[in-house]
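What follows is each chain in one-letter form.
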Amino acid sequence: MSDNTINKNYYSLRQILESVSNVIKGAYTQPYWIKAEMIKLNHYPKSGHCYPDLVEKGNGKIKAQMRSTLWSGNYEKINSKFRKITGRELNDDMNILFLAEVKFDAIYGFSLNIIDIDADYELGVLAKAKNDCILKLKKEGIYDNNRQLKLPLLPQRIAVISDETSKGYKDFRSIIDNNTRGYKFFYMLFPSLLQGDAAVGTMINQLRQIKKLKHHFDLVAIIRGGGGDVGMDCYNRYELAAEVANFPLPIISGIGHSTNETVVEMVAHYNPITPTDLAYLLQQKFDNNAVNISDYQGIVEGFTKDYMNEKISVINNQTNYVINKSKELLNQQNSILQSLKQTTIFSARTLISSQSNSIVHISNKYKFAIQKRLSLEEHKIDRNTKSIYSIAKNLLINQNQKIKFVGEKIELLKPDNLLKKGYSYNTIKGKIITNLDNIKIGDKLITKTYSGEIESEIKKIKKYD
Amino acid sequence: MTKENLKYDDAMLELEELVREMEYGEISVDELSEKIKRSAFLIKYCKSKLKSTEEDVAEIIKEMSEEG
Amino acid sequence: MTKENLKYDDAMLELEELVREMEYGEISVDELSEKIKRSAFLIKYCKSKLKSTEEDVAEIIKEMSEEG
Amino acid sequence: MTKENLKYDDAMLELEELVREMEYGEISVDELSEKIKRSAFLIKYCKSKLKSTEEDVAEIIKEMSEEG
Amino acid sequence: MTKENLKYDDAMLELEELVREMEYGEISVDELSEKIKRSAFLIKYCKSKLKSTEEDVAEIIKEMSEEG
Amino acid sequence: MTKENLKYDDAMLELEELVREMEYGEISVDELSEKIKRSAFLIKYCKSKLKSTEEDVAEIIKEMSEEG
Amino acid sequence: MTKENLKYDDAMLELEELVREMEYGEISVDELSEKIKRSAFLIKYCKSKLKSTEEDVAEIIKEMSEEG
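Sequence lines, in order, name chains P, E, S, Y, R, F and C.
The numbering of the first sequence is our numbering, which starts it at 2 and goes up by one.
The numbering of the second sequence is our numbering, which starts it at 7 and goes up by one.
The numbering of the third sequence is our numbering, which starts it at 7 and goes up by one.
The numbering of the fourth sequence is our numbering, which starts it at 7 and goes up by one.
The numbering of the fifth sequence is our numbering, which starts it at 7 and goes up by one.
The numbering of the sixth sequence is our numbering, which starts it at 7 and goes up by one.
The numbering of the seventh sequence is our numbering, which starts it at 7 and goes up by one.
Source of the hints: derived by calculation from the structure; they are not laboratory data.
The C-beta atom is built at its ideal place from N, Cα and C for all residues, glycine as well.
Keep in mind that a hint or two might mislead.
Simulated crosslink set (DSS-like; lysine-lysine; CA at most 30 Å straight-line) [said to hold, decoys possible]:
no., chain 1, residue 1, chain 2, residue 2
1, P, Lys62, P, Lys36
2, P, Lys368, Y, Lys57
3, F, Lys13, R, Lys68
4, S, Lys50, P, Lys381
5, P, Lys140, P, Lys151
6, S, Lys57, E, Lys53
7, P, Lys366, S, Lys13
8, C, Lys41, P, Lys306
9, Y, Lys43, S, Lys13
10, P, Lys185, C, Lys41
11, P, Lys394, S, Lys50
12, P, Lys373, S, Lys50
13, S, Lys43, E, Lys50
14, P, Lys368, R, Lys68
15, S, Lys13, P, Lys381
16, C, Lys43, P, Lys185
17, Y, Lys50, P, Lys373
18, S, Lys53, S, Lys41
19, P, Lys366, S, Lys68
20, E, Lys57, E, Lys43
21, P, Lys62, P, Lys47
22, S, Lys53, Y, Lys57
23, C, Lys50, P, Lys215
24, S, Lys13, P, Lys373
25, P, Lys168, P, Lys78
26, S, Lys41, P, Lys405
27, R, Lys68, F, Lys41
Just a few of them, taken from the derived set where beta-carbon distance is under 8 Å, the chain P residues facing chain C [unchecked claim]:
no., residue
28, Leu155
29, Gln157
30, Tyr184
31, Lys185
32, Met189
33, Pro192
34, Gly202
35, His217
36, Tyr281
37, Phe287
38, Thr305
39, Lys312
Required output: the full structure, derived from the provided sequences and hints.
Given below as structure tokens:
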């Protein structure tokens, strides 16, 4: 184009710029939703306008860059809505989705006029950032670190990260300082911004300061309050959350808000939500301790009483036992002795009386045996005597009879007695005839009778065969 | 044989023999008288002997009884 | 045999022998008086012996009883 | 055996033996008096021994009782 | 065994043995006096031992009671 | 063991052993006095120890209570 | 352990242990005084701790500046 600069047709700058303006106006008839990173808001408080610097990066390099405009009227409207939805204000370093008119002005040149910013998009971005932060903490294994610290039983010495003017801090102090029970807290303020991006740095600084002095403190309280829900995003920031998670003292957060729990609150040792709650929590700990101590005191006192009573009663029991048992033992022995004595006496008496009986018995037996024996002998004598008498008598009687019998027999044999009965006998020559041999006829036969003799002569002799 | 020397038992024996002889008739009438005389003597003797013995025994028994 | 030397048991034995002899009729009338006399003596002897023993016993029993 | 050396138990044993002999008629009448005399002595002895023992015992028992 | 050396338990054992013997009639009249004497001694001894022990114990118990 | 070296628990153990012996009748009359004496000593000792402990403790508790 | 070196948590732990011992009856009379004394001390200490702290802002600030 440089070759025919002079005689070439040309357009005035205005013409050309108006032409560009027309083209653009023709091409970009409506506003467009554009995504970019707002690296600087460039808010001019005096005019109220903003001139956000927008860039688009890729692989670490800037791929597009542009300054935009956000007129004060829009700014107020957008910022208010943004704040309402996201809990943060428009600020530097934000990825935003905005509605902008693409304009070209001959005087002011090319511009993007931001007429709306999608707060929901920002919300998504924030949520993602928060989620990334949590994942990172977990991945690094520090997410639970602070919660795993042990809170001292008596959380008495408190490093407070807050702002002197913060309502939350005032609330906290008024509860802690005015506790009616006379609890003594020690707290020291480490002042810091409590919201907005800048707060991250100051809070980290103060935490590091406290870390150096950690032997003076039992815990760190992050106290914020009264500031509404704006600028809370700082509590989702990895740098701060990591510092909190890794902090060697338990961190208790009381940052009072109504939005979702921030990452700092998640990783903090405990999150009572509000400064008031935090103060009450601490006071509650003291109360618990006071109760515990007085419980223990009661136990110690009660125990001592019971213990002594028990020991005394054990000893008394043993004493009574020893006394009773000794008495019992002695009584027992006494009664054994008594019974042995009775048995001895009884046995001796029994023995003597049984022997006495034995003697009597044996005497009687003896007497009886003698008498029996004597009477037996007497009986024997009597029996013999009687035998002798009767035998003698019988003998004499027998002999008498015998004599009588013989006498009678002889009487019968006398011849005179036969003759008397009529018997007679014959004799020849004085001899009784017993055979006929010597008898002759003519012999003289004399027959003898009781009254006299008859003389006859034998005439005939007839012998029997 | 005198009365003194004659024993009761012998007298009885003789007596019994005499009786037997007489019973069997082996004795003549003449002897018979003699034998009868003898028997009478013996009987008398025995009776007296028995009587004296009886008296003795009675006496002894009486004595014993009296003594209890 | 005198009374002094005679034992009761022997006397009883003799007596029983006499009784036995008599029972079996072994005694003649001639001996009877003598034997009866002897028996009487023996009986008397035994009785008296028994009596004295009885008296002894009675005496002793009396003594025993008196001593309780 | 004198009273001093004689034991009660032995005396009782002897006495029982005497009774047995008496019951079984092993003692002759001639010995009877002697045995009875012995028995009487033994009985008397045992009684007196028992009596003296009884007195001793009674004395001891009395003492014991007095001591409670 | 003298009183000094005699233990209560041994005395009781001896006493029980004596009583047992008496109960079972194992003691003869001849020993009775002696045994009863021994029993009486043992009983007396045990009682006195018991009594002194009782006094000791009572004294100790009294002390204990006074001390509360 | 002197009072100084004796521990309450040991004293109680010994006492319990003594009581146990008594319960099981393992103590003879001969030992009784001695054992009772020992028991009394132990009881006295334990009681005094208990008393002093009680006083100590009462003092401590009193102080504790007074301080609120 | 002196009051200076004693931490509240340790004091409470020790106290709990002591109370546990008491509840489970593991304390002998010999130890009681000592244990109760210790308990009292710990209770006193813990109570006092509720109402006092040794921390000093000036000191901390001094420390801060020293460290840069």
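Quick rundown of the hints versus the structure:
no.: 1; hint: P/Lys62 x P/Lys36; result: holds (17 Å)
no.: 2; hint: P/Lys368 x Y/Lys57; result: holds (22 Å)
no.: 3; hint: F/Lys13 x R/Lys68; result: holds (25 Å)
no.: 4; hint: S/Lys50 x P/Lys381; result: holds (13 Å)
no.: 5; hint: P/Lys140 x P/Lys151; result: holds (23 Å)
no.: 6; hint: S/Lys57 x E/Lys53; result: violated (40 Å)
no.: 7; hint: P/Lys366 x S/Lys13; result: holds (27 Å)
no.: 8; hint: C/Lys41 x P/Lys306; result: holds (14 Å)
no.: 9; hint: Y/Lys43 x S/Lys13; result: holds (19 Å)
no.: 10; hint: P/Lys185 x C/Lys41; result: holds (28 Å)
no.: 11; hint: P/Lys394 x S/Lys50; result: holds (19 Å)
no.: 12; hint: P/Lys373 x S/Lys50; result: holds (20 Å)
no.: 13; hint: S/Lys43 x E/Lys50; result: holds (25 Å)
no.: 14; hint: P/Lys368 x R/Lys68; result: violated (68 Å)
no.: 15; hint: S/Lys13 x P/Lys381; result: holds (16 Å)
no.: 16; hint: C/Lys43 x P/Lys185; result: holds (26 Å)
no.: 17; hint: Y/Lys50 x P/Lys373; result: holds (22 Å)
no.: 18; hint: S/Lys53 x S/Lys41; result: holds (18 Å)
no.: 19; hint: P/Lys366 x S/Lys68; result: holds (15 Å)
no.: 20; hint: E/Lys57 x E/Lys43; result: holds (21 Å)
no.: 21; hint: P/Lys62 x P/Lys47; result: violated (34 Å)
no.: 22; hint: S/Lys53 x Y/Lys57; result: violated (39 Å)
no.: 23; hint: C/Lys50 x P/Lys215; result: holds (26 Å)
no.: 24; hint: S/Lys13 x P/Lys373; result: holds (20 Å)
no.: 25; hint: P/Lys168 x P/Lys78; result: holds (28 Å)
no.: 26; hint: S/Lys41 x P/Lys405; result: holds (25 Å)
no.: 27; hint: R/Lys68 x F/Lys41; result: holds (16 Å)
no.: 28; hint: Leu155; result: holds (5 Å)
no.: 29; hint: Gln157; result: holds (5 Å)
no.: 30; hint: Tyr184; result: holds (6 Å)
no.: 31; hint: Lys185; result: holds (5 Å)
no.: 32; hint: Met189; result: holds (6 Å)
no.: 33; hint: Pro192; result: violated (13 Å)
no.: 34; hint: Gly202; result: violated (19 Å)
no.: 35; hint: His217; result: holds (5 Å)
no.: 36; hint: Tyr281; result: violated (16 Å)
no.: 37; hint: Phe287; result: holds (6 Å)
no.: 38; hint: Thr305; result: holds (6 Å)
no.: 39; hint: Lys312; result: holds (6 Å)
Hint compliance for this structure: hints 6, 14, 21, 22, 33, 34 and 36 are broken, all remaining hints hold.
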